[in-house]
Amino acid sequence: MTNTLDAPGVIARPPILYAGAFLLMLALRHFWPMPIFARPIALWPGIALIALGAATVIWGRQTLVAAGTNVNPGQPATTIVSSGPYRFSRNPIYVAVTLLFIGLTLAFDTWWGVALLVPVLLVMHFGVVLREERYLERKFGESYRQYRAGVRRYV
Numbered sequence: 074m075t076n077t078l079d080a081p082g083v084i085a086r087p088p089i090l091y092a093g094a095f096l097l098m099l100a101l102r103h104f105w106p107m108p109i110f111a112r113p114i115a116l117w118p119g120i121a122l123i124a125l126g127a128a129t130v131i132w133g134r135q136t137l138v139a140a141g142t143n144v145n146p147g148q149p150a151t152t153i154v155s156s157g158p159y160r161f162s163r164n165p166i167y168v169a170v171t172l173l174f175i176g177l178t179l180a181f182d183t184w185w186g187v188a189l190l191v192p193v194l195l196v197m198h199f200g201v202v203l204r205e206e207r208y209l210e211r212k213f214g215e216s217y218r219q220y221r222a223g224v225r226r227y228v
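Residue numbers (our numbering): 74 to 228.
In case anyone wonders, no lab produced these hints; they're calculated from the structure.
Note that this is a predicted model, so its numbers are computed, not measured.
Glycine included, C-beta positions come from ideal geometry on N, C-alpha and C.
One thing to keep in mind: the hints can contain errors.
As the list claims (entries may be wrong) - Pair by pair, the computed Cβ-Cβ distance ranges are:
hint: 1; residue 1: 145; residue 2: 107; range: 17 to 23 Å
hint: 2; residue 1: 79; residue 2: 105; range: 20 to 26 Å
hint: 3; residue 1: 109; residue 2: 219; range: 38 to 44 Å
hint: 4; residue 1: 147; residue 2: 226; range: 17 to 23 Å
hint: 5; residue 1: 121; residue 2: 79; range: 36 to 42 Å
hint: 6; residue 1: 191; residue 2: 82; range: 20 to 26 Å
hint: 7; residue 1: 218; residue 2: 139; range: 22 to 28 Å
hint: 8; residue 1: 211; residue 2: 107; range: 42 to 48 Å
hint: 9; residue 1: 112; residue 2: 203; range: 23 to 29 Å
hint: 10; residue 1: 188; residue 2: 161; range: 26 to 32 Å
Given only the sequences and the hints, what does the whole structure look like? Please build it.
This is the structure in structure tokens:
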């Protein structure tokens, strides 16, 4: 059981949020395809973004596990991780999952992915990232403020 006082209180688990948007995208595409391109030219760029996103998710996850902190944003953080992809972004897994989603949108060639990404990003920013930042600042104080000052939020 998680101590709710020692957790960021995110409003949604990011993988579930993105997976739900992806499934909704597929359902909407089935009834109204709305292709982005007139010809199927986006498949390979989409696959490239999927691969880049997946590789970065794996790298970010392995970095968190190696540091001994929780990957699940609903669980307590045990340390500030500033190695691996966390040297470049405070949220590399979220950036990577967004790249993955954009890659899937291109691979399935539908404007629905673009339309659904906007509310997903708003929920991620206000309901996940900003809550995590407030939590990390409360928990780690000056060490988190120094990390935040030196590393961008996204890219």
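Practice problem: Using the Cβ atoms, figure out if residue 145 sits within 17 to 23 Å of residue 107. | Solution: For residue 145 and residue 107 the Cβ distance comes to about 34 Å; the hint is violated.
Quiz item: Given a hinted range of 36 to 42 Å, is it respected by the beta-carbon distance of residue 121 and residue 79?
Solution: holds, 39 Å
Quiz prompt | Range agreement (Cβ of residue 219 with Cβ of residue 109, hint 38 to 44 Å) | solution = holds, 42 Å
Quiz prompt | Range agreement (Cβ of residue 107 with Cβ of residue 211, hint 42 to 48 Å) | solution = holds, 43 Å
Quiz item: Cβ-Cβ distance between residue 112 and residue 203: within 23 to 29 Å?
Solution: Given a distance of about 40 Å, which is not inside 23 to 29 Å, the answer is violated.
Quiz item: Per the hint of 22 to 28 Å, is the separation of the Cβ atoms of residue 218 and residue 139 within bounds?
Solution: holds, 24 Å
Quiz item: Per the hint of 26 to 32 Å, is the separation of the Cβ atoms of residue 188 and residue 161 within bounds?
Solution: Holds, at about 29 Å.
Quiz prompt | Supplied distance hint 20 to 26 Å, evaluated on CB atoms of residue 191 and residue 82 | solution = holds, 23 Å
Quiz item: Does the Cβ-Cβ separation between residue 79 and residue 105 fall within 20 to 26 Å?
Solution: Violated: the Cβ-Cβ distance is about 45 Å, outside 20 to 26 Å.
Self-check item: Cβ distance range 17 to 23 Å for residue 147 and residue 226, holds or violated
Solution: About 20 Å separates the Cβ atoms of residue 147 and residue 226, which means 17 to 23 Å holds.
Hints 1, 2, 9, counting from the list given before, are not met by this structure.
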